[in-house]
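Visitor: Listed below, chain by chain, are the residues.
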Amino acid sequence: MKRIIIADDSTTARMFIKRCLQIIGLGDVEMIEAEHGKEALAAAKAQEVDLLLTDLNMPVMDGETLIKWVKASPKLVDLPIIVITSAGNPAKEAQLLKLGARRVLNKPVSPPMMMDALADFLDE
Amino acid sequence: MTKHNPLYQAMLTAVSQTLENMVFIEVTEHFDRSYEIPTEDLTWNSLLVNDPVQGEVRLAMAKTLMKKLTGNIFGIDDEEITPAQMDDILNELLNTIVGLFMTNLLAHDQEYKMGLPELGEGELPEIDENTIVWKLMTDEEDALQIFATGASLVALKND
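In the order they appear, the protein sequences are chains A and B. Those letters in the first sequence? Residues 0 to 123, by numbering that gives the first Met the number 0. Those letters in the second sequence? Residues 0 to 158, by numbering that gives the first Met the number 0.
You can take every hint at face value.
Quick list of simulated restraints, FRET-style, between CB atoms: (1) Pro37/B <-> Glu47/A: 52 to 62 Å; (2) Ala106/B <-> Lys74/A: 33 to 43 Å; (3) Ala45/A <-> Arg32/B: 48 to 58 Å; (4) Ile75/B <-> Lys70/A: 36 to 46 Å.
If you are wondering where the hints come from, they were derived from the structure by calculation, not from laboratory data. All C-beta atoms, glycine included, are put in the ideal place defined by N, C-alpha and C.
Given only the sequences and the hints, what does the whole structure look like? Please build it.
Guide: Printed below as a string of structure tokens:
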């Protein structure tokens with residue numbers, strides 16, 4: 000079974016993302032929720048994970064720091080990362096892609112946006 | 000301030016897009032510009048915009064509307080709704096609204112930095128000359144209000 004980590008400090012945001020994933024046919028994927036980057040990083044190190052969806056503005060460890068930690072870890076360097084944020088713009092997006100994120104989505108996220116961003120993942 | 004300037008429209012668009020996407024609710028301007036949400040039924044939060052301008056955005060609505068939205072989003076009955084769920088939704092709504100608002104206002108490649116939403120307590124802060132208020136209502140005539148405050152923030156495209 001595939002595993003996806005959803006990192007966002009908002010229960011509501013995590014619920015929306017889970018709902019979108021279910022709508023696009025990923026209801027049977029194991030979804031691991033994390034309230035901040037540190038928790039997400041620990042979850043990613045503790046088990047095999049196929050995808051990381053993360054917010055940027057989070058307490059304890061923000062999304063940008065999380066991406067840097069993931070990309071600095073030999074074990075996690077290939078983990079695909081999609082950023083879902085309310086603080087996105089083209090300059091920020093370019094910066095995040097350079098850091099190693101695969102896509103950057105702006106909130107409010109919708110099932111078609113998620114479908115488009117996860118097309119590769121769904122094909123595998 | 001005119002209702003047709005870019006700042007006013009940027010917020011209106013941000014609120015409409017957020018509520019339509021997240022809670023499937025349409026908003027329009029309130030028919031009564033003098034309407035105030037009764038303090039005893041008021042819930043509100045705020046979020047700082049730190050860069051490239053400095054200001055604060057507040058979202059206020061009636062607790063009864065907040066409860067409706069929470070039930071709608073979580074798909075649960077009134078008696079199952081917890082204060083923590085309502086607070087979390089209020090914060091996520093404001094977070095998303097401010098992100099869209101800044102994206103609508105700033106140039107295509109201009110970065111912005113915002114803080115984390117914080118819940119307010121008691122009455123809303125006083126309105127000063129650097130505060131703009133959007134008085135809105137849902138299609139069921141539940142009121143909500145947005146406040147943008149801070150000289151440099153409200154000066155953005157406020158022609």
